[in-house]
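*Asks:* Sequence:
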Amino acid sequence: MMDIDAPSPVDRAAAEIGALCDRVEALSGAIAGATGQPHAQLEAQQQQRLIDEVTGIFVRLRLLHRRLSEGKAAQAAAVDVLRRDADALALALENRQSEAAYIRREIAATQTQQTIYQHIELASEAEFFAQAPPELTRAADSPHALMLARLRFEIAQRDRLAAARDAARARRDELRAAKRRRVEWLERVDGRLQAYIKSARLLGLVLSAGAAPGAAGADAGADADADAAKPAARDGDEQPEPQPPRPSRAASSRTGTPRRET
Numbered sequence: 001m002m003d004i005d006a007p008s009p010v011d012r013a014a015a016e017i018g019a020l021c022d023r024v025e026a027l028s029g030a031i032a033g034a035t036g037q038p039h040a041q042l043e044a045q046q047q048q049r050l051i052d053e054v055t056g057i058f059v060r061l062r063l064l065h066r067r068l069s070e071g072k073a074a075q076a077a078a079v080d081v082l083r084r085d086a087d088a089l090a091l092a093l094e095n096r097q098s099e100a101a102y103i104r105r106e107i108a109a110t111q112t113q114q115t116i117y118q119h120i121e122l123a124s125e126a127e128f129f130a131q132a133p134p135e136l137t138r139a140a141d142s143p144h145a146l147m148l149a150r151l152r153f154e155i156a157q158r159d160r161l162a163a164a165r166d167a168a169r170a171r172r173d174e175l176r177a178a179k180r181r182r183v184e185w186l187e188r189v190d191g192r193l194q195a196y197i198k199s200a201r202l203l204g205l206v207l208s209a210g211a212a213p214g215a216a217g218a219d220a221g222a223d224a225d226a227d228a229a230k231p232a233a234r235d236g237d238e239q240p241e242p243q244p245p246r247p248s249r250a251a252s253s254r255t256g257t258p259r260r261e262t
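Quick note on this note's numbering: the sequence shown kicks off at 1 and runs consecutively.
One or more hints might be untrue.
As the list claims (entries may be wrong) - The following label-pair restraints were derived from C-beta to C-beta distances:
#, residue 1, residue 2, range
1, V54, V79, 29 to 37 Å
2, R176, I197, 27 to 35 Å
3, D85, D141, 36 to 44 Å
4, Y102, D141, 20 to 28 Å
The hints are simulated quantities; they were obtained by calculation from the structure and are not laboratory data.
Every residue, glycine too, gets a C-beta built ideally from N, C-alpha and C.
Build out the structure end to end from the sequences listed, making use of the hints.
*Replies:* The following block contains the structure:
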């Protein structure tokens with residue numbers, strides 16, 4: 001890191017150049033004063049000393065000029081680097097400020113946003129911690145995570161209840177179909193019973209004309225024994241159609257071909 005208070009190489013070179021310029025000015029004044037005297041003759045040694053000193057000053061000035069140019073270029077390069085760093089930092093700061101403003105806007109929008117879960121009847125927190133599985137309760141370590149866990153628990157509960165509802169509906173449909181088949185079977189049986197009753201009435205009218213009680217009773221007992229020997233039908237099974245009662249032999253003999261009167 002650069003020390004701001006320390007003199008830069010350019011400043012040191014400029015100060016040395018200023019001192020050398022003062023020395024050159026002083027030598028110039030001395031030379032002018034010596035040459036301005038009438039008939040003044042400088043000694044060869046003194047002239048050589050002045051020439052050497054002036055030559056050394058000019059060499060030193062060239063060296064300082066070179067150092068000053070190099071220092072200026074280095075300082076310009078350092079300034080460019082610092083300027084680029086400053087621009088990068090300014091751009092990063094602007095980006096961070098934009099991100100912070102965006103985050104603040106998002107937080108404000110989230111706090112004021114009306115979401116659908118606010119209108120859903122969820123299980124209370126006590127019910128959630130009492131009934132939810134451990135993997136959901138352990139993840140509820142913050143208000144946001146707690147709300148997400150409650151929503152997942154509500155979805156699982158509703159899926160379970162929906163499956164139970166579908167199973168109950170399927171059972172209901174099965175019972176309705178069985179009931180409908182039972183009603184249809186009862187209607188068929190009722191129609192056949194009505195036909196049997198009608199046939200029995202006609203048969204009773206025929207038998208009342210003088211059928212033998214013994215023969216009729218024997219035929220009725222035989223029909224009753226045959227009906228008792230049949231297996232009982234279960235509810236919902238197709239019942240065999242009952243056959244109409246057969247007339248007894250006595251009735252058929254009496255209701256056969258009428259005799260001719262002689």
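*Asks:* If a hint holds in the structure, say so; if it doesn't, say that too.
*Replies:* Against the structure, the hints come out as follows:
Separation of V54 from V79 is about 36 Å and conforms to the stated range, judged on CB atoms against 29 to 37 Å. For the pair R176 and I197, the beta carbons lie near 31 Å from each other, so the given range of 27 to 35 Å is met. Distance hint for D85 and D141: a CB-CB separation of about 42 Å, consistent with the stated range 36 to 44 Å. Between Y102 and D141, the C-beta spacing of about 27 Å keeps the proposed range 20 to 28 Å intact.
Checked against the numbered hints above, the structure breaks none of them.
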